[in-house]
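With mature numbering (1 follows the signal peptide of the UniProt record, and there is no 0) as the guide, the letters of the sequence shown map in order to residues -22 to -1, 1 to 734.
Misleading hints may appear alongside valid ones.
[To be verified] Distance condition first, Cα-Cα at most 20 Å in a straight line; then the derived EDC-like pairs of lysine to aspartate or glutamate:
#, residue 1, residue 2
1, Lys599, Asp102
2, Lys538, Asp487
3, Lys332, Asp287
4, Lys599, Asp81
5, Lys538, Asp485
6, Lys491, Asp530
7, Lys681, Asp615
[As the list claims (entries may be wrong)] Cβ-Cβ distance ranges computed for the label pairs, FRET-style:
#, residue 1, residue 2, range
8, Arg324, Pro302, 32 to 38 Å
9, Ala469, Leu706, 36 to 42 Å
10, Arg594, Leu706, 20 to 26 Å
11, Ser163, Asp554, 37 to 43 Å
12, Val695, Asp581, 41 to 47 Å
13, Asp581, Lys357, 49 to 55 Å
14, Val355, Ser279, 29 to 35 Å
15, Thr436, Gly276, 25 to 31 Å
16, Ile413, Asp554, 25 to 31 Å
17, Leu603, Arg118, 21 to 27 Å
18, Leu706, Arg600, 17 to 23 Å
These are calculated hints, taken from the structure and not from any lab test.
No residue lacks a Cβ here, since even glycine has one placed at the ideal position from N, Cα and C.
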Amino acid sequence: MSHMLRVLSSLALICLTPVALAQTPDAASAPTARAADSRQCIGLVLGGGGARGSAHIGVLKVLERERIPICNLAGTSMGSIVGGLYAAGYSATELEAVLTNLDWTELFRDDPPREQLPMRRKDDDFRDLLNFELGVRDGRVVTPPGFIQGQKLTMLLRRLVLSTWDVHDFNELPIPFRAVATDISTGQPVVFKEGDLAMAMRASMSVPGAFAPLRLDDYMLVDGGIVDNVPVDVARQMGSDVLIVVDVGAPLGKRSDVELGNPVSVMSRMIDTLMRQKTESTLATLTPEDLLITPELGDMSSANFGNADSAVVIGEQAAEALVPELRRFSVSPEAYAAYKNQHRQRDFDPGLIKFVDVLVDSTASPRFVERSMAPNVGKPFDVDRIEQDIGSVYGRGNYQNIHYRPAERDSEYGIEVIPVDKPWGPMFAKFGLQINDNFNGYSDYQLSAQLTVTNLNTFGAEWRTNLWSGRVAGLRTEFHQPFGDFGHFYATPSLMTRTENVSLFEDNDEVAKYRVRRSIAALEAGYSPVPYWRLRAALVRGRVSGQRLIGDPVEFPTVKSDFAGVRMIADWDTLDNADFPTSGARVSLRYELYNKAAGGEVDSDVARLTGDWVWRWGAQKRYRLLMGLRMSSALDDNDDFIEAQDFLGGFLNLSGHAERSLVGNQTAFGRAVFFRRMGEDRLFSVPLFVGGSLEAGNAWRSKDLISADDLIYSGSVFAGISTFLGPLFLGYGHASDGANSWYLTFGSLLRPRETE
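Could you put together the complete structure from these sequences and hints?
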């Protein structure tokens, strides 16, 4: 779908290209910072090309070695990022170090690392919902404007150019600079010669369909490559006498009936052809005094950032091949030393943060953002802390972007925070589908939907409703209200009704089946001062009933209980990933007190402990070990109170047994799961994992029946992949009591207790 969106957007804009180019605004002539013994202003033009644009750094390395001073610089897309950083004072070696240390996969994932997400968002990881949402606005269904909103990319660019925070005229940078973007509403190019350098670079790289357009002032901006991928004209308008032009655009692919066998491929080829024709037309304007460098990047994809270091080498080789021609631009060592002295990053030391201003124009919950960022006031400017705080706010899932920038007010320094609510909200819908099969007569499906209404007040309240159909059917609705000085406290009233079938087994044979219905009203209050732990308590009142569908009516009677009481829960979660974790831990300790004095029919205390710990090692940390523990105890051993019971059975939960086939008032379970990632860890790759497990546990009806001699030992082997529906596993399990089963199932390796 992203490819189709890019194709359609690009086609419309390219059709407007001749008009847009004719209307390109003239840039003010930049001051020409010529070296002392240079008679020419040498302009550098860096074209767009995504990951292929890393070759620009290799070219810059040769230019520096050959003592070639750059007077003006113009760039598009990836060329604007490399060019903007170089113009801000970075050397080619520093740019290469930045590139080498980047985690591109993480950079193009908007959410902060999972460890920084608020606990409420971490809970969502186990609701089996797709990581894609639709919006409902003004009665219409609205999709996000791009698969990547650019949150982390913008934060990275801000960090990299903090030294230029008070430079608004790009002529005043160490090297005068221009970035080219496209206004998608008019099809015209927008040449940035002033403003916010980080945002100018971000706008120039907004590939339509992949990145969301960036709204700045009255413009809706996307990738500048659509209308001017090699901005030769812009560099000339800056006053350059002679140009060094680097073209890293992908060549047209070879003709193939297979490649052109569908409408999307045909349209994509047409877009590439039009863009290439425009580029060739631009390059034809170069004079004999200009120099064109075209790195031989072959069929390297613009999305292949995993090979960006190879592109640097290819760029360096391309410039090396033209060294005899490049040397006519060289200056003396003394002149180049003077040039280098001015081409460096400025010092940046704003001291203490005296204020935090939250701009309210684009958000309905400014007070929440303000409270979350307030702890920075009075502290030194710490980029890591600021980014982490912003990441925690962004991690709530209500914002398209949250940016910040240093600011000065009355001779004091602080930061301005710019939160932008998701334009496809404020109502969001997510959906999920699960299908499970043990190839032995048991299969089920589960449909899920979640509807969330956000920013109901300035403090960030939201209303969420979950619907289930299939193995579990029902509805849960809640109102979540943060409060307190920093929003660390919250209150959440909720209502839930759900129905599911529960089978009972003896010697691996089904002997009874119940239709279990729950209806629960709760009022929960919680405290979570940091993203990785939370304390909460809830007053609950409800009814649970089990209607026998199959089984002996004497041995398996119908049961029903009204209950009321208090649940107290402590949670800890530092896992880096909920599907295939590589580090961290997740622990939940619960104590439930049900009492007749509170208005119920049951007196029962229940304790539950769930814990998972993960370690990793080996080359690229491919090997992972997950250790897990599950324990529960209904202290009163009330056989008729379903709410106090717990379940075992299923894949990685006493493998070999059917799903939730072991039930009791007392349960104990431990496991060790070893798994390894196969193949290369590349951007946009689909990871494959293989592994196995050793498990032990059982469920008992009462405490006096617990015995180590009754432990069931089991193990499994499996393969798993991460799909758009969630983790998918194919595995086989065998238990010491003879139970065995194949599994085709969706779900996390963690197998947490089902979300209430």
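Against the structure, the hints:
For the given pair, lysine 599 sits about 27 Å from aspartate 102 by alpha-carbon distance, which is inconsistent with the 20 Å threshold. Of the pairs offered as hints, the one joining lysine 538 and aspartate 487 is violated, with about 25 Å between alpha carbons and a cut-off of 20 Å exceeded. A hinted pair counts as satisfied when its Cα atoms are at most 20 Å apart, and lysine 332 with aspartate 287 does not qualify at roughly 41 Å. A C-alpha spacing of about 15 Å is found between lysine 599 and aspartate 81, which places the hinted pair at or below 20 Å, so the restraint holds.
Annotation: proposed proximity of lysine 538 to aspartate 485 is violated, straight-line Cα distance about 27 Å (limit 20 Å). For the hint pairing lysine 491 with aspartate 530, the CA-to-CA distance comes to about 10 Å; that is within 20 Å, so the pair holds. For the proposed pair lysine 681 and aspartate 615, the alpha carbon gap of about 7 Å is at most 20 Å, so the pair holds. Range check, arginine 324 to proline 302: about 36 Å between beta-carbon atoms, so the 32 to 38 Å window is met.
Distance hint check for alanine 469 and leucine 706: the Cβ-Cβ separation is about 38 Å, which falls inside the suggested range of 36 to 42 Å. Remark: the range hint 20 to 26 Å for arginine 594 to leucine 706 is upheld by a beta-carbon distance near 22 Å. Distance hint check: the CB atoms of serine 163 and aspartate 554 are about 40 Å apart, consistent with the given range 37 to 43 Å. The beta-carbon spacing between valine 695 and aspartate 581, approximately 45 Å, falls within the hinted interval of 41 to 47 Å.
With their beta carbons about 51 Å apart, aspartate 581 and lysine 357 fall inside the hinted range of 49 to 55 Å. Distance hint for valine 355 and serine 279: a CB-CB separation of about 45 Å, inconsistent with the stated range 29 to 35 Å. For threonine 436 and glycine 276, the hinted distance range of 25 to 31 Å is not satisfied, since their beta carbons lie about 54 Å from each other. Distance hint for isoleucine 413 and aspartate 554: a CB-CB separation of about 28 Å, consistent with the stated range 25 to 31 Å.
For leucine 603 and arginine 118, the Cβ-Cβ distance of about 48 Å falls outside the hinted range of 21 to 27 Å, so the restraint is violated. Under the hint 17 to 23 Å, the C-beta atoms of leucine 706 and arginine 600, about 20 Å apart, fit the expected range.
In summary, the numbered hints that this structure violates are 1, 2, 3, 5, 14, 15 and 17.
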